[in-house]
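Visitor: Residue numbers (the working numbering), protein chains in the order written: chain A, 6 to 140; chain B, 758 to 1067.
These aren't lab readings, by the way, just hints derived from the structure by calculation.
Nothing here was measured: the structure is a model prediction, and the numbers come from that model.
Just so you know, not all the hints are guaranteed correct.
Only pairs whose alpha carbons sit at most 27 Å apart, straight line, appear in this in silico BS3-like list of lysine-lysine [to be verified]:
| id | chain 1 | residue 1 | chain 2 | residue 2 |
| --- | --- | --- | --- | --- |
| 1 | B | Lys784 | B | Lys910 |
| 2 | B | Lys809 | A | Lys110 |
| 3 | A | Lys108 | B | Lys809 |
| 4 | B | Lys809 | B | Lys888 |
| 5 | B | Lys855 | A | Lys18 |
| 6 | B | Lys809 | A | Lys18 |
| 7 | B | Lys855 | A | Lys90 |
| 8 | B | Lys850 | A | Lys90 |
| 9 | B | Lys809 | A | Lys140 |
| 10 | B | Lys809 | B | Lys847 |
| 11 | B | Lys855 | A | Lys140 |
| 12 | A | Lys108 | A | Lys18 |
Each pair of labels, with its calculated beta carbon distance range [claimed, not checked]:
| id | chain 1 | residue 1 | chain 2 | residue 2 | range |
| --- | --- | --- | --- | --- | --- |
| 13 | A | Arg17 | B | Gly992 | 48 to 56 Å |
| 14 | B | Gln949 | A | Val8 | 47 to 55 Å |
| 15 | B | Asp866 | A | Ser48 | 40 to 48 Å |
| 16 | B | Val1043 | A | Gln124 | 23 to 31 Å |
| 17 | B | Gly1023 | A | Lys11 | 45 to 53 Å |
| 18 | B | Pro959 | A | Pro89 | 17 to 25 Å |
| 19 | A | Val8 | B | Ser1058 | 54 to 62 Å |
| 20 | A | Lys140 | B | Glu931 | 27 to 35 Å |
| 21 | A | Ala47 | B | Asp866 | 37 to 45 Å |
| 22 | A | Lys110 | B | Gln770 | 25 to 33 Å |
| 23 | B | Pro871 | A | Glu67 | 54 to 62 Å |
| 24 | A | Arg22 | B | Glu881 | 31 to 39 Å |
| 25 | B | Asp1054 | A | Glu49 | 34 to 42 Å |
Short derived list, chain B residues pointing at chain A, Cβ under 8 Å [said to hold, decoys possible]:
| id | residue |
| --- | --- |
| 26 | Cys766 |
| 27 | Leu805 |
| 28 | Glu808 |
Just so you know, even glycine gets a beta-carbon here, dropped at the ideal spot from N, CA and C.
These are the residues of each chain, in order.
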Amino acid sequence: MRVKLKASSQPRKFIERIEELSGENVYACYQCGRCSAGCPVASEMDLLPNQIIRLIQMGLEEDVLRSKTLFLCASCFTCESRCPKGIDMARVMEAVRHILDPKGKDAFGPGEISPELAQEVPQQVLVSIFRKFSK
Amino acid sequence: MKVHYYPGCTLKQKTTALDISTREAMKRLDVELVEPEGWTCCGAEYPLTEEKIVGLAAPIRVLRQVREEGGDVLVTTCSFCFAVLKRADKAIKDDPLKRKRINAYLRDDIQINPLTKERTTGFEDYAGEVKVLHLLEFLRDRVGYPRIRERIKRDLKNLAVAPYYGCRLLRPQEEMAVDEPDSPRLFEEFLQAVGCASVDYPFKQECCGSYLSVSLPAAASEASYRILRSAGMNGAKAVAVTCPLCFYNMDHRQEAIKETFLDFPGLPVVFFTQLLAWALGVDKSVLGLGEHRVPADNLFSETPATEVRT
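Produce the complete structure using the sequences and hints provided.
Guide: Encoded structure:
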């Protein structure tokens, strides 16, 4: 699918905040796509990891914050180990989740897991997912 | 040899197989495991943004307790605990600002003397005095494979096992510094030391779907299926894991995987410590095989105990 993008008139603000939170240099990305090629959940994503970076570079904050991708990242660091420019994409994803409206709804909160499933799964999965995907 | 051991939350309740097989195996290697007094959850996730540093408090509290008890090494088996503890320790060592902030926060913890019940506060700053090791590293570097080979009581007859590293054990390499993330040898060498044949396959460091198994089960099924299928196609009779969550995704959810992917015949998943304990002569009844959904009993079939290896 071809999409015509128009860069934000004030891209710096969003990028600076992402860089401050993540400690990563977003401008280092030259769109090789290795992060997306190796991502185990890329097939479920509306925006691929390299597309997220591109939109951040262009300052298109709203498009990034709307993406399902933020809550599909399992922080497995496959992208991090493959990036030729040394960007840790998992940190960028976490930074974007951090920026999302802190008063907003949980992307995945305790109410969304049945008591039976909560009983069955290892505790670490509950601690992990709520730390990642709820406020 | 005495060493501090951090089991973590899951090993105490849901995945006791990993805990008990670790204890039994270490007894046979003359390693005494000491749990730090009053340990708490490690937090499961290392905070990835610069502003959420409070997530470092829990792992640093555990490490500080080890230091207070005179320990300088902490061994853990769960990959999640290992990653959080190791990365938190490195952050405290490398970043003076984080060290200052976290220690300022933890200084007022109350310490209760176990004998007198006297309550005191005021801990010395933790500055990275404890080395965090995964049990696989501990076996390689501190126990040594020659000692394991000496103690082996059962011949596993080159059982074909696929080592599965998963996400947290190796990455990010700069912080974990365990082995090469793309061509690791740690797990393979361990399997060979206990008498298994290590199966090489391309999915050993791929992600199993991790916590997505509760929010998006289909994605976790697919990720786990790719790993299991690849291991099976390369001749593995079992997949060996280190992490309770990998075990859950690939063993407990294997029925669901089979319902989606009809070509998948099924494959047992075991903990590396079960193989170790079994090779060292531990009785089958204490390996925790009852926790497996995919029966793994056949892998641990009794052959006469022999002193085959030297």
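Visitor: So if I understand the rule, the pair passes when the alpha-carbon distance is 27 Å or less; does Lys108/A with Lys809/B pass?
Guide: holds (17 Å)
Visitor: Note whether the CB distance of Val1043/B and Gln124/A lies within 23 to 31 Å or breaks it.
Guide: Hint holds: Cβ distance 25 Å, inside 23 to 31 Å.
Visitor: Is the distance from the Cβ of Asp866/B to the Cβ of Ser48/A consistent with 40 to 48 Å?
Guide: Given range 40 to 48 Å: holds, Cβ gap about 46 Å.
Visitor: For the pair supplied as a hint, Lys809/B and Lys888/B, is the alpha-carbon distance within the 27 Å limit?
Guide: Status holds; Cα separation ~24 Å.
Visitor: Taking the beta carbons of Pro871/B and Glu67/A, is their distance inside 54 to 62 Å?
Guide: holds (56 Å)
Visitor: Just to be sure I understand the hint, the distance between the Cβ atoms of Gly1023/B and Lys11/A should be within 45 to 53 Å; is that true here?
Guide: holds (52 Å)
Visitor: Please test the hint of 17 to 25 Å on the beta carbon pair from Pro959/B and Pro89/A.
Guide: Holds, at about 20 Å.
Visitor: I want to verify a distance hint. Is the separation of the beta carbons of Arg22/A and Glu881/B within 31 to 39 Å?
Guide: holds (36 Å)
Visitor: Is 27 to 35 Å respected by the C-beta to C-beta distance linking Lys140/A and Glu931/B?
Guide: Holds, at about 30 Å.
Visitor: Could you say whether the range 54 to 62 Å given as a hint is met by the Cβ separation of Val8/A and Ser1058/B?
Guide: holds (58 Å)
Visitor: For the hint on Leu805/B, just tell me whether its beta-carbon gets within less than 8 Å of chain A.
Guide: holds (4 Å)
Visitor: Compare the distance between the alpha carbons of Lys108/A and Lys18/A with 27 Å, and conclude whether the hinted pair is satisfied.
Guide: holds (21 Å)
Checked against the numbered hints above, the structure violates none of them.
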